[in-house]
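J.: One letter stands for each residue in the lines below.
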Amino acid sequence: MDLLEYQGKQLFAAHGIAVPSGEVATTVEEAVAAAERIGYPCAIKAQVLIGGRGKAGGIKIAADRAEAEQHAGAILGMDIRGPRGEGPFRVERVWVEGGSDIAAEYYASVILDRGEKKLLAMVSARGGMDIEAVAAEDPGALVKEHIDPTRPFTVAAARPIVAAAGLAEDVRDEAAAVLVKLAAVAQAEDATLIEVNPLIVTADRQVVALDAKVTIDGNALYRHEELAEIDAESIDDPQEAMARERGLTYVKLDGNVGILANGAGLCMSTLDVVAQAGGAPANFLDAGGGSKAEAIVDALTVIASDAKVTAILFNIFGGITRCDEIAKGIVEASSQLELGVPLVVRLDGTNSEEGLAILAGAGLANLHQETTMLGAAQKVVELAGGNS
Amino acid sequence: MAIVVDKDTKLVVSGLTGREGSFHGLRNRSYGTYLAAGVTPGKGGQDVEGVPVFDSIREAVEGEGANTSMIFVPARFAAPAIDEAIESGVHTVIAITEGIPVLDMLKTYWKARAAGVRLIGPNCPGVLSPGKANVGIIPAQFFDPGKIGVVSKSGTLTYQIGNELKQAGEGNSSIVGIGGDPIIGSDFIDILELFEADPETELIVMVGEIGGDAEERAAEFIATEVSKPVVAYIAGFTAPPGRQMGHAGAIISGSSGTAQAKKEALEAKGVRVGESPTETARIAVEVLRG
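Each protein sequence line maps, in turn, to chains A and B. When we follow my numbering, the leftmost residue of the first sequence carries the number 1, and every step to the right adds one. When we follow my numbering, the leftmost residue of the second sequence carries the number 1, and every step to the right adds one.
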């Protein structure tokens, strides 16, 4: 789960990392009132889960009330796309914070390095820009050091990292302390990524986190009540919200071919095979292991509620999952829902013969059986027609 | 021979008195796996269909000679259960549980390394050596004994490919589900090394997916350390960046961890990568038969 900038900064503040004070606002009136309290100049920053907000016009400095009103009006409701075309992300909240007097812009992060199975600390004196581009152009400008998982990470261990990155000598102790605190945030809050870009030095030589990008491990939310609430509120797609309520693993995509498979790997593979057959998947939905009929009814309800879907593919390879249970679920769902779109069903594995017999016996209109995964993908693409 | 589990496996199941643990533990026993004991704190002295239950894994090791532990306990209690297994004296721990916090696994990973214990998973379907032993939830009916070793991040995708191999008349030495979490006890490299040394294995099928760089690392390892042919499949070409696709580890971060990059890394080292599970099985059979 990714946190918005202001949520990340609130987390930083709780762990003793200096951040500019600010307020969150969802309307122009709230934003102007916040700016009046904070004073000018102040920054009005779009709160969306994507980088490159500044370039997209999502961050503005207001010198007075009129500018605060103008910028908040322009930013709230705008659609921001990421540097790789991600999104669009609609801006529903802005963060209004006091202007900072910036003497230097650095970069600091602590991320989980999956390959090495360690936390990785990274520091650069060239912050404030795309760090991947900085590292590509000059690899030496980004200093990377793994944190020893068997020892406490101390300022003494962090100091050589900030020194190697060439941060100004007078702020090295403070920057090292910030790096230690970032690692502490990762441990305490189950964060797998914490990035501060820029980490600034102010004119009076304070080290302050001017941005915050934080990813929290979804598996650990059970022990972080406040973060779990943020997670629950963060879903704005109607299908994803429905899926969450029903305990289904669902990801919305752009296409018109609804997809249900059992197992994450088989489901990803099904999306790929549908795309290879010329189709556009509408979603990822993993029905999981041992699915019962009710779960299938729930899954079909969610998939079919997406108005873009013009055909649905069931790709089931039953291991623990029994194909007769899946077939019962399809028959049950067909009687409960006005599906209105064709279903292509491929059942293989445990109890597939019983499952196929149940489907045949139900005599459902608009149901097409296929025996192979590739055949099923071709059939559903043919039935779905073009993706508009 | 086979790898990880075989006729010498003496299994102890943590969570054997639970619904899932008893279902799969007894299923493993009926396949022929030697199920030595179960463990549930506070239920020591009971039995599950004749299998003795102990309060701790160490007691099962001392009392019944258990050498392999399977973890079926719920996610929030699983990391301590794995830690207990690591310290109990077994040589192998297979963790099926999905949903363990990743920073807990980070600590547990290094404990397993320090103790010299082989950890498979978590969030994996287990290990099957056809005709010898099955530890986990892999449906054994889709796999015959044979010459192909399979290592995979995914369960059902492996069943799909295994079944296609079976229909083509080929079988498997072992099938190892390494799991779909960001931090897992054994990576592709660890299992490739075992298959390379296993005389029964003549070809290796490797099934990867988006996220992390384990496939890229495997490509480097294959180039210098694996003499046997390897055929690969990668899932997730259509996955959007930044979205978790079911498995906790299946996520493209920024521009890293894409299926395309993994495919290219493997192909650059001479590994053939199938377009679909079906094509992957076909290539494996073709390469095996020369």
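Hints in this document: simulated from the structure, not taken from any laboratory. Keep in mind that this is a model prediction, so the values were computed, not measured. Check each hint, because a few of them may be wrong.
Here are the simulated lysine to aspartate or glutamate pairs, DMTMM-like style, with alpha carbons at most 20 angstroms apart [unchecked claim]:
| # | chain 1 | residue 1 | chain 2 | residue 2 |
| --- | --- | --- | --- | --- |
| 1 | B | Lys-166 | B | Glu-200 |
| 2 | A | Lys-118 | A | Asp-79 |
| 3 | A | Lys-379 | B | Glu-275 |
| 4 | B | Lys-107 | A | Asp-113 |
| 5 | A | Lys-118 | B | Glu-202 |
| 6 | B | Lys-10 | B | Asp-47 |
| 7 | B | Lys-111 | A | Glu-116 |
| 8 | B | Lys-269 | B | Glu-200 |
| 9 | A | Lys-213 | A | Glu-105 |
| 10 | A | Lys-144 | B | Asp-190 |
| 11 | A | Lys-117 | B | Glu-202 |
| 12 | A | Lys-252 | A | Asp-79 |
| 13 | B | Lys-228 | B | Asp-198 |
| 14 | B | Lys-166 | A | Glu-353 |
| 15 | A | Lys-117 | B | Asp-213 |
| 16 | A | Lys-117 | A | Asp-148 |
| 17 | B | Lys-111 | A | Glu-353 |
| 18 | B | Lys-107 | A | Asp-148 |
| 19 | A | Lys-117 | B | Glu-275 |
| 20 | B | Lys-107 | A | Glu-145 |
| 21 | B | Lys-132 | B | Asp-213 |
| 22 | B | Lys-107 | A | Glu-169 |
| 23 | B | Lys-132 | B | Glu-200 |
| 24 | B | Lys-147 | B | Asp-83 |
| 25 | A | Lys-308 | A | Asp-254 |
| 26 | A | Lys-118 | B | Asp-213 |
| 27 | A | Lys-379 | B | Glu-279 |
| 28 | B | Lys-111 | A | Asp-113 |
| 29 | A | Lys-118 | B | Glu-275 |
| 30 | A | Lys-117 | B | Glu-279 |
J.: None of the hints should be skipped; say for each whether it holds.
T.: These are the hints, each one checked on the structure:
| no. | hint | in the structure |
| --- | --- | --- |
| 1 | B:Lys-166 <-> B:Glu-200 | holds, 17 angstroms |
| 2 | A:Lys-118 <-> A:Asp-79 | violated, 37 angstroms |
| 3 | A:Lys-379 <-> B:Glu-275 | holds, 18 angstroms |
| 4 | B:Lys-107 <-> A:Asp-113 | holds, 13 angstroms |
| 5 | A:Lys-118 <-> B:Glu-202 | violated, 34 angstroms |
| 6 | B:Lys-10 <-> B:Asp-47 | holds, 17 angstroms |
| 7 | B:Lys-111 <-> A:Glu-116 | holds, 15 angstroms |
| 8 | B:Lys-269 <-> B:Glu-200 | violated, 24 angstroms |
| 9 | A:Lys-213 <-> A:Glu-105 | holds, 16 angstroms |
| 10 | A:Lys-144 <-> B:Asp-190 | violated, 26 angstroms |
| 11 | A:Lys-117 <-> B:Glu-202 | violated, 31 angstroms |
| 12 | A:Lys-252 <-> A:Asp-79 | holds, 18 angstroms |
| 13 | B:Lys-228 <-> B:Asp-198 | holds, 10 angstroms |
| 14 | B:Lys-166 <-> A:Glu-353 | holds, 18 angstroms |
| 15 | A:Lys-117 <-> B:Asp-213 | holds, 12 angstroms |
| 16 | A:Lys-117 <-> A:Asp-148 | holds, 10 angstroms |
| 17 | B:Lys-111 <-> A:Glu-353 | violated, 46 angstroms |
| 18 | B:Lys-107 <-> A:Asp-148 | holds, 11 angstroms |
| 19 | A:Lys-117 <-> B:Glu-275 | violated, 30 angstroms |
| 20 | B:Lys-107 <-> A:Glu-145 | holds, 18 angstroms |
| 21 | B:Lys-132 <-> B:Asp-213 | violated, 32 angstroms |
| 22 | B:Lys-107 <-> A:Glu-169 | violated, 34 angstroms |
| 23 | B:Lys-132 <-> B:Glu-200 | holds, 13 angstroms |
| 24 | B:Lys-147 <-> B:Asp-83 | violated, 34 angstroms |
| 25 | A:Lys-308 <-> A:Asp-254 | holds, 9 angstroms |
| 26 | A:Lys-118 <-> B:Asp-213 | holds, 14 angstroms |
| 27 | A:Lys-379 <-> B:Glu-279 | holds, 18 angstroms |
| 28 | B:Lys-111 <-> A:Asp-113 | holds, 17 angstroms |
| 29 | A:Lys-118 <-> B:Glu-275 | violated, 33 angstroms |
| 30 | A:Lys-117 <-> B:Glu-279 | violated, 33 angstroms |
Consistency note: the structure conflicts with the earlier hints numbered 2, 5, 8, 10, 11, 17, 19, 21, 22, 24, 29, 30.
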